[in-house]
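Q: In case you want the letters, here they are:
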Amino acid sequence: MRVRAQMSMLFHLDKCIGCHTCSVACKNLWTDRKGAEYMWWNNVETRPGTGYPTGWEDQTHYKGGWRRDRNGRLRLTLHSRGGGLAKAFYNPVLPELDDYYDPFTFAYGDLFSSPLSDQQPTARPVSQITGQPMEPASGPNWDDDLSGSDVYAANDPSLDGVDDAVRAQMEEIERVVFNYLPRICNHCLNPSCVAACPSGAIYKRSEDGVVLVNEDACRGWRMCVSGCPYKKVYYNWTTGKSEKCILCFPRLETGQAPACAHSCVGRIRYMGVLLYDADAIEAAASRPDDELLDAQLDTILDPTDPRVEQAARLAGIDDGWLDAARRSPIYRFVKDWGLALPLHPEYRTMAMMFYVPPLSPLMSAVEANLTRLEVPDGAGPFEILDDLDLARLPVDYLANLFSVGDRAPIEHALRTMLAVRTYKREQVPGGAGGNGAGGNGAEPGADGVGPATLAMLESVGLTPERAEEIYRLTTTPTMDDRFVLPPYHRELAIEEVNDPLSAKGSTGFGAITGPRRGS
Amino acid sequence: MTTNDLLFGAIPYAAVVLAVVVTVVRWRRAAFTVSSLSSQLLESRLLYWGSVPFHWGLSLILVGHLVGLLIPQGLEAWNGAPVRLYVAEATGLALALWAGFGLVVLVYRRLSNARIRAVTTPMDLVVLAIIGVQILSGVWIAVAHRWGSAWGPGVLGAYVRSLFALQPEPGYVAPLPFMVKVHVLAFFVFLAVFPFSRLVHIVTLPLQYLARPWQKVVADRYPPHPSYVTPRRGR
Ligand code: SF4
Ligand code: SF4
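Those protein sequence lines, which keep their order, are chains A and B.
Take 1 as the starting number for the first sequence in the numbering used here and just add one per residue.
Take 520 as the starting number for the second sequence in the numbering used here and just add one per residue.
So here's chain A without its partners, still in its complex pose (with noise of 0.2 Å):
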């Protein structure tokens, strides 16, 4: 076993409203520059839908990720390395400006300098890369609350395999249903980012997990950028250097959680510490697809065991990290109650940012076949646990996202977060739950939970006191109860030991010279 830790980010879907507040936070911090306007190391989008870049999900045409080969061995996507070196010249499965969009901004200067007309004047909109004028045609959320449409909610690659009679279930609310997926760089544990980099510029810092880019070590080979199946790695046109998501590293560092996170406005961001061992990683990654989200999860280690313990210390952790990993919320929500998934587990690169399935919208009216929340009298129980298809985001659409094609998982997390939802509703007088006082008739107990509600949380797994826990992390979270970050301890930090003017572009006094085009 040999430890490492690692800074790992939840995202509480039921929560995001889509504001993008996250991805501004982003933008005017790092990537408000020239070359990377068209970046956004934090995005979100409307799901289904094609995303941004368009169609990153679709791996036989980006190549991202790895793959398992016939003898059971993990082999990177994109190439071999002899392969990789040969394509240097020009990447075939590169994405190519378009398929992110061509940034613009408007020619705010012509509203003071034209000249006396009869007509008001008008700030055109210019390309940010040409200077041109230019009819924008498409953004990085230019598809925001369009789900509906036939060009991106039918596009979705996480649609296929998709049942054919779920499918038309959601094409028949398709212009009400949608949900939002806020995405930064995974800071995967299997990096094929990492690996697709002939130049091995890109690399995972050992003591949280953080992938950079040596900005001095990397040559412009834009491997990166087709590895990662999250197209999380982008081509910075103007410098020639590939940028990403840095975790807001030095905001970690400092005792901030990352502006996305700090920003958010639903709150639906976590962040602590998971304890990983990485001697599992490339076994638990040639694991077969319906093994992998199991793999993965295993790999995370329980900080409370003594053994965990130790071979952390051995491997340099400290007390400080030990304990912010005992308190991870990420922790709680992946490992002690299943209810938050990687995304996309089948890419293999082990993914570390996680995500709580959506269980809104529910239906609110009964209509058909479709359920709600509010059993009517006399209804059984807990139909609507047996019902989830009819929710309004079918729990097949959520495996292929979250799990695999796996219903299991997605299925245990949404009915955790039915039975705990019941159960809160009920405790409220005149509370909607329908389980308890004013449900299904059975004799509510002391504190207005019927034992209809109670064995509903058993057949769970929930004990009331986890779903207490359960509901305050959800929903009344305080700022430290949502981001438990470790002591990053800067003065035993490599810069105290080696000359940081020597170690310059690695660690220490970073970038002295603006960042400007070679020759």
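Keep in mind that the hints were calculated from the coordinates and are not lab data.
Since the structure is predicted, the reported quantities are computational estimates derived from the model, not experimental observations.
Heads up, a few of these hints could be off.
[Claimed, not checked] Across the chosen pairs, the derived CB separations fall in these ranges:
(1) A/Glu291 with B/Thr639: 50 to 56 Å
(2) A/Asp481 with B/Val571: 51 to 57 Å
(3) B/Ala633 with A/Asp336: 43 to 49 Å
For every residue, glycine included, the Cβ atom is placed at its ideal position computed from N, Cα and C.
Following the hints, complete the assembly by docking chain B with the ligands onto the known chain A.
A: Leaving out everything else, chain B with the ligands in the frame of chain A:
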């Protein structure tokens, strides 16, 4: 010193010194500026038709030249049978035309596409011009002064070896046809411009990729685990 001595006795050394010293300094002091400066993100279709012939054609021709100049005996042995001489010559000419086609596409792409113009520097055009002169003069020689692979190693090989031996004999070049002189001189200009242009990316060809582990984990802490790589500059 005659002009010939200056051009073929002094300039080669100046060019090599520039190429080596400036490349090393740039690599160490301004590693950020070293990049292939790919523009594929902005335009991909024409790049395919230009970049692939250009790079592969030139790389293979370069290998041919190195073999001819550095191990002339090998080339002479190969050329022992006339058929093989024809094959070598025809291959060289075909590669040059192929690379030349790529170059034309690349120049057209640079000048015609608005997005590519936005990332084009004067140095990019200088580089394309120098390589254009190289290809043109090379094709000229192949056609007008045929069987270069037969006479080249003897005449030019001796000259190159004299340069390496630090006893330059520019006299070897003096009697050669004008286009051969252009071809040789253009190479030294290429070397001199090399460290100041995007050409530096040639020496960054990451052959180490063939052998390095897939994953790279870097420790920012002491004591690092033995399996961690410690960051070094310029890597
Ligand atoms: S999500 Fe991030 S760490 Fe994972 S492969 Fe992509 S860029 Fe690399
Ligand atoms: S700021 Fe939060 S709620 Fe708003 S879009 Fe981003 S993740 Fe969703």
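Q: For every hint, state whether the structure bears it out.
A: Outcome of the hint check:
Between A/Glu291 and B/Thr639 the Cβ separation comes to about 51 Å, which falls inside the hinted range of 50 to 56 Å. Checked against the hint of 51 to 57 Å, the C-beta distance between A/Asp481 and B/Val571 comes to roughly 55 Å, which is consistent with it. About 55 Å separates the C-beta atoms of B/Ala633 and A/Asp336, a value inconsistent with the hinted range of 43 to 49 Å.
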